[in-house]
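Peer 1: Keeping their order, the protein sequence lines are chains A and B. First residue of the first sequence: 1, per UniProt numbering; consecutive thereafter. First residue of the second sequence: 1, per UniProt numbering; consecutive thereafter.
Don't take every hint at face value.
Stated by the list, open to error - No more than 27 Å apart at the CA atoms, straight line, and that leaves these computed lysine-lysine pairs for DSSO-like:
1) A:Lys174 with B:Lys102
2) B:Lys110 with B:Lys182
3) A:Lys174 with B:Lys216
4) A:Lys174 with B:Lys182
5) B:Lys35 with B:Lys25
6) B:Lys48 with B:Lys102
7) A:Lys174 with B:Lys5
8) B:Lys35 with A:Lys174
9) A:Lys174 with B:Lys48
10) B:Lys35 with B:Lys5
11) B:Lys112 with B:Lys25
As the list claims (entries may be wrong) - Some chain A residues flagged as far from chain B (calculated, every beta-carbon gap over 12 Å):
12) Arg82
13) His141
14) Asn147
15) Ile156
16) Lys174
17) Gln269
18) Met281
19) Leu309
20) Glu357
21) Glu370
The set of hints was computed from the structure by calculation and includes no laboratory data. Values in this document were obtained by computation on a predicted structure and should not be read as measured data. Glycine included, C-beta positions come from ideal geometry on N, C-alpha and C.
Spelled out, the chains give:
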Amino acid sequence: MTVESTAARKPRRSGAKRSTTARDTKKQPAGQTELVQLLTPEGERVEHPEYAIDPTPEELRGLYRDMVLTRRFDAEATTLQRQGELGLWASLLGQEAAQIGSGRALHDADYVFPTYREHGVAWCRGVDPTNLLGMFRGVNHGGWDPNSNNFHLYTIVIGSQTLHATGYAMGVAKDGADAAVLAYFGDGASSQGDVAESFTFSAVYNAPVVFFCQNNQWAISEPTEKQTRVPLYQRAQGFGFPGVRVDGNDVLACLAVTKAALERARTGQGPMLIEAFTYRMGAHTTSDDPTRYRSPEERELWETKDPILRLRTLLTREGLADDAYFADLERESDALAKRVRDAVRAMPDPEDMAMFEHIYADGHALVDEERAQFAEYQASFVTAEEGI
Amino acid sequence: MAAEKMSLSKAINASLRTALETDPKVLIMGEDVGKLGGVFRVTDGLQKDFGEDRVIDTPLAESGIVGTAIGLALRGYRPVVEIQFDGFVFPAYDQIVTQLAKMHARSLGKVKLPVVVRIPYGGGIGAVEHHSESPEALFAHVAGLKVVSPANASDAYWMLQQAIDSDDPVIYFEPKRRYHDKSEVDTAAIPGPLHAARVVRQGTDLTLAAYGPMVKVALDAAAAAAEEGKSIEVLDLRSMSPIDFDSVQRSVERTGRLVVVHEAPVFLGTGSEIAARITERCFYHLQAPVLRVGGFHSPYPPSRLEDEYLPGLDRVLDAVDRALAY
């Protein structure tokens with residue numbers, strides 16, 4: 001496990017040639033020298049020469065609200081899993097800034113290809129959070145219309161969606177549309193051939209796609225060192241497009257860099273890779289036990305970089321939000337949690353015959369035959385009961 | 001253009017040309033499909049006439065080809081991708097099975113993926129390994145995919161049109177050793193259903209069911225058997241998913257005997273499914289067990305052995321004799 005040194009958190013002077021944490025090189029692993037940061041863990045604003053944004057107080061509060069509600073939704077889902085209401089949950093705890101920052105950078109016409117952990121991005125796209133739970137409860141494999149929110153269904157197979165995103169972006173370019181595609185994946189997926197192939201295709205066709213890698217340090221129990229010997233953002237260079245590492249716990253940096261990358265893509269300058277350097281505070285999923293492979297000290301260290309806390313510090317210090325605001329948000333969080341809980345418990349199991357539906361768009365003789373046989377079989381029980 | 005005699009590969013070319021002309025959303029993608037016209041020249045001239053944006057030379061990455069085709073289909077395009085040879089489809093197998101096949105179902109019908117995957121398949125051309133395989137059962141086993149294989153130029157033309165028109169993903173297996181076989185193609189005809197089997201020779205003593213490259217072998221076997229006074233019906237299945245069991249059943253009810261022939265290994269192959277289903281449906285009509293003739297449970301052999309591996313006239317006739325002996 002490696003973490004950036006404390007030097008990285010110090011405010012940098014404006015106009016520095018590049019963001020760097022290289023000053024403390026003795027403690028830095030090779031290559032971990034660039035990290036775009038606009039908001040330190042202490043809640044200090046810092047400037048970056050390439051990625052500047054100047055959010056209004058309202059926008060800052062909006063980002064804070066998004067992160068708080070997303071964390072609360074996530075916590076509620078974890079609880080629901082523990083109560084047996086969900087079969088599994090993949091928590092995003094700790095990755096709120098990476099997801100809200102990148103998600104809020106999107107335009108309506110942009111399209112998102114998520115993994116199965118992008119609950120915060122779904123929130124930004126306007127997908128009702130209760131719809132994210134159907135898959136984890138076992139009542140469906142998705143639960144929303146991808147084209148209603150330009151937010152594709154969750155993809156379980158690691159990295160597959162990066163190719164879908166690339167193909168979709170190729171289509172966007174063919175259509176001449178003013179839009180870009182945002183593809184999410186993790187540090188573990190970076191080892192997959194599909195991710196490498198998506199880099200190749202997107203570069204060759206100059207596709208308007210932004211790859212957003214949330215390096216949360218762990219692919220279940222495998223650390224990033226088991227995935228790569230070079231910092232992930234540096235991969236992009238070998239494929240012929242820029243890569244940048246951003247402080248993934250800094251919502252402002254994630255927003256600024258993703259905005260720039262999406263704009264770059266929209267204006268025909270091709271793909272870009274963003275590595276959000278972040279941390280999965282919880283388990284990979286509720287089936288996982290991270291105490292078997294990582295130390296409590298590591299988590300404690302990352303708790304000091306909490307994405308929500310640092311924005312709260314800024315809001316408080318700058319007088320942009322008062323106690324009443326935070327209390328209101330707390331009430332809103334409680335209401336969201338209750339709504340989610342009630343929705344999950346009310347979620348009906350699918351009808352038996354649903355497993356024969358939608359397998360083919362144009363129908364299929366075997367499906368028709370098996371559907372009819374199964375219906376007859378089910379009906380035989382009804383007949384038997386009626387006969388008693 | 002009406003009826004014209006053309007080779008099976010030319011028929012596919014003509015079909016792709018028609019599709020490109022008819023629907024601006026149709027795209028051709030694959031390795032070497034552009035300037036070269038494909039290693040079998042099946043896409044010859046298409047890039048020249050339709051441009052690099054419609055006939056797309058891709059990087060040498062099969063998963064990438066199918067994965068990006070899925071993305072293009074999500075954007076409203078209708079990609080027809082070419083996998084250069086049967087044995088090269090496996091890097092794309094994950095995308096085909098876990099993504100292409102399932103997205104319509106998992107989206108509850110909201111997402112349609114009209115992607116055609118063209119795969120030249122089968123042996124008999126003296127190729128090196130990975131260039132002669134028949135993996136159709138691996139695809140037919142997967143719900144969400146449709147799997148077809150034409151046996152002549154007319155079917156090659158029309159079945160591809162129908163596959164491209166379909167809102168479902170279709171795996172289109174091209175019998176590469178029949179690429180140069182010529183037959184009549186009527187491009188103004190009204191084609192039959194994509195998944196219907198067809199009786200290509202009528203007979204009364206036994207049904208030979210085949211598809212793709214083996215239809216010709218089955219017809220040759222029927223002709224040879226006729227010289228010995230045996231009346232063999234030959235059925236071209238045309239589709240492996242779905243399989244037109246109704247047509248097989250009707251034929252077997254007439255003949256009482258069934259032999260299924262394919263190049264793929266017999267074990268757990270298309271023939272196994274047909275034997276099981278037809279035994280269920282036609283138990284009282286059958287005068288012999290359903291027999292299968294096909295490849296062995298062995299990797300496709302070096303080409304000097306492929307004549308022994310592939311079902312030829314003699315092995316088919318041997319099975320016919322065994323079935324008739326019951």
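Peer 1: Evaluate each hint against the coordinates.
Peer 2: Checked hints:
1. A:Lys174 with B:Lys102: Given pair A:Lys174, B:Lys102 holds - Cα atoms ~26 Å apart, limit 27 Å.
2. B:Lys110 with B:Lys182: Violated, at about 41 Å.
3. A:Lys174 with B:Lys216: The given pair, whose Cα atoms are some 43 Å apart, is violated under the 27 Å limit.
4. A:Lys174 with B:Lys182: Cα-Cα ~37 Å, so violated.
5. B:Lys35 with B:Lys25: Holds: B:Lys35 and B:Lys25 sit about 21 Å apart, inside 27 Å.
6. B:Lys48 with B:Lys102: violated (35 Å)
7. A:Lys174 with B:Lys5: violated (37 Å)
8. B:Lys35 with A:Lys174: With Cα atoms ~20 Å apart, B:Lys35 and A:Lys174 stay inside 27 Å; holds.
9. A:Lys174 with B:Lys48: Answer holds: A:Lys174 to B:Lys48 is near 18 Å, not above 27 Å.
10. B:Lys35 with B:Lys5: holds (26 Å)
11. B:Lys112 with B:Lys25: holds (14 Å)
12. Arg82: Per Cβ check, A:Arg82 is outside 12 Å of chain B; nearest 26 Å; holds.
13. His141: violated (4 Å)
14. Asn147: violated (7 Å)
15. Ile156: violated (8 Å)
16. Lys174: violated (6 Å)
17. Gln269: Fine: 19 Å to the nearest Cβ keeps A:Gln269 off the interface.
18. Met281: Its Cβ never comes within 12 Å of chain B, the nearest being 29 Å, so this holds.
19. Leu309: Consistent with the label, A:Leu309 stays out of reach of chain B, its closest Cβ about 37 Å off (over 12 Å).
20. Glu357: violated (7 Å)
21. Glu370: violated (10 Å)
Of the numbered hints stated above, those contradicted by the structure are hints 2, 3, 4, 6, 7, 13, 14, 15, 16, 20, 21, listed in ascending order.
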